[in-house]
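Asks: Mapping of the sequence shown onto the UniProt record's numbering: position 112 corresponds to residue 112, and the numbering continues sequentially without gaps.
For the record, the hints were derived by calculation from the structure and aren't laboratory data. None of the values given here were measured: they were computed from a predicted structure. Glycine included, C-beta positions come from ideal geometry on N, C-alpha and C. Accuracy of the hints is not assured; some may be wrong.
Pairwise CB distance ranges (calculated) [unchecked claim]: (1) 43 - 125: 50 to 58 Å; (2) 207 - 91: 39 to 47 Å; (3) 131 - 70: 23 to 31 Å.
Below, computed lysine-lysine pairings styled on DSSO-like, alpha-carbon distance capped at 27 Å [as the list claims (entries may be wrong)]: (4) 256 - 244; (5) 41 - 197; (6) 41 - 66; (7) 5 - 197; (8) 34 - 5; (9) 244 - 197; (10) 5 - 41; (11) 34 - 256; (12) 197 - 256; (13) 234 - 244; (14) 197 - 234; (15) 66 - 5; (16) 34 - 66; (17) 234 - 256.
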Amino acid sequence: MDIRKLRTFVNLAHTLNYTETAAALFTTQATVSKHIISMEKELETQLFIRAHRTIALTPAGNTVLKYAREILTSYDEMARQLSTDRNTANQTLTIRAIPSVSNYRALGLITEFQRANPDIELHFTEGESYALLPSLDDGHSDIVFMRTFVEHQTEYDMITGEVDRFVAVVPDTSTLAHQSHINVSQLRGQNFLMLGKETNLFEPIMRMARAADFTPTITYEGQRIDLVLQLVNKGMGVSIMMEKTVRTDDYPHIVKIPLDTDVSSHLAFVRRHEGPHTQASDRFWRYAQAHRDSYAE
1 MDIRKLRTFV
11 NLAHTLNYTE
21 TAAALFTTQA
31 TVSKHIISME
41 KELETQLFIR
51 AHRTIALTPA
61 GNTVLKYARE
71 ILTSYDEMAR
81 QLSTDRNTAN
91 QTLTIRAIPS
101 VSNYRALGLI
111 TEFQRANPDI
121 ELHFTEGESY
131 ALLPSLDDGH
141 SDIVFMRTFV
151 EHQTEYDMIT
161 GEVDRFVAVV
171 PDTSTLAHQS
181 HINVSQLRGQ
191 NFLMLGKETN
201 LFEPIMRMAR
211 AADFTPTITY
221 EGQRIDLVLQ
231 LVNKGMGVSI
241 MMEKTVRTDD
251 YPHIVKIPLD
261 TDVSSHLAFV
271 RRHEGPHTQA
281 SDRFWRYAQA
291 HRDSYAE
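Work the whole structure out from these sequences, hints included.
Replies: Quick look at the structure:
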């Protein structure tokens, strides 16, 4: 049984709402649905009753919930103990971050922490958004730096810093290029060049488009910001991206335009709410809290 699917099931059994569970686990509603369907197939039983946009646990679902909670509790205790055993003695600290971390002030905070604490052996790597929280849950990361569209969580501790906002990225030949700001609806009929589901940006953009009463025509979907910008630069279509990740210096034929939307993302350091945390993790956490103003907007 996949631990991630069990975690999805337990959360959905609590919220009885796909949207809330997707937000809590930093994933998509489609992924939540796939996890539940996969569990039902594996267990050969129906876990939820679905009717009229509402769901409820079946009797079998209640049985599974009892054991799922016990499995997750045991698994989390094991992962935390293994992580503590690995890291306490040699003072190692593993931080994973989204690939666009170089665009944010948090990167400076990480490097400053390392200079101030040379006795800590830092392992700093990048990973796509969908893999960051699982790396905390399985003990492979102590702390992650990620993008979130919510400011508070119950399962995780968060230190939020910068805020980033959506912009439209269009070729300088577009009729929209000279506007100071635009509405998402003005992008209707354009070819969209999208950052994919792995980046945690796909669903928020799709929700904005649906709210504007259209479904984007997606010409490209991938993970590389630079490739999306190159395609826009060549006039292949438009994109919606986070403002601070779009650097126009290397792309002379693109224009970024603020969107008329209240949707914004928070950049945050995240770790498991429940300990035990290693000494190195606690030292970084205290450092990040003390220096939060230096990387907040």
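Asks: Could you check the structure against the hints above and give me the numbers of any it violates, in ascending order?
Replies: Those not satisfied are hints 1, 11.
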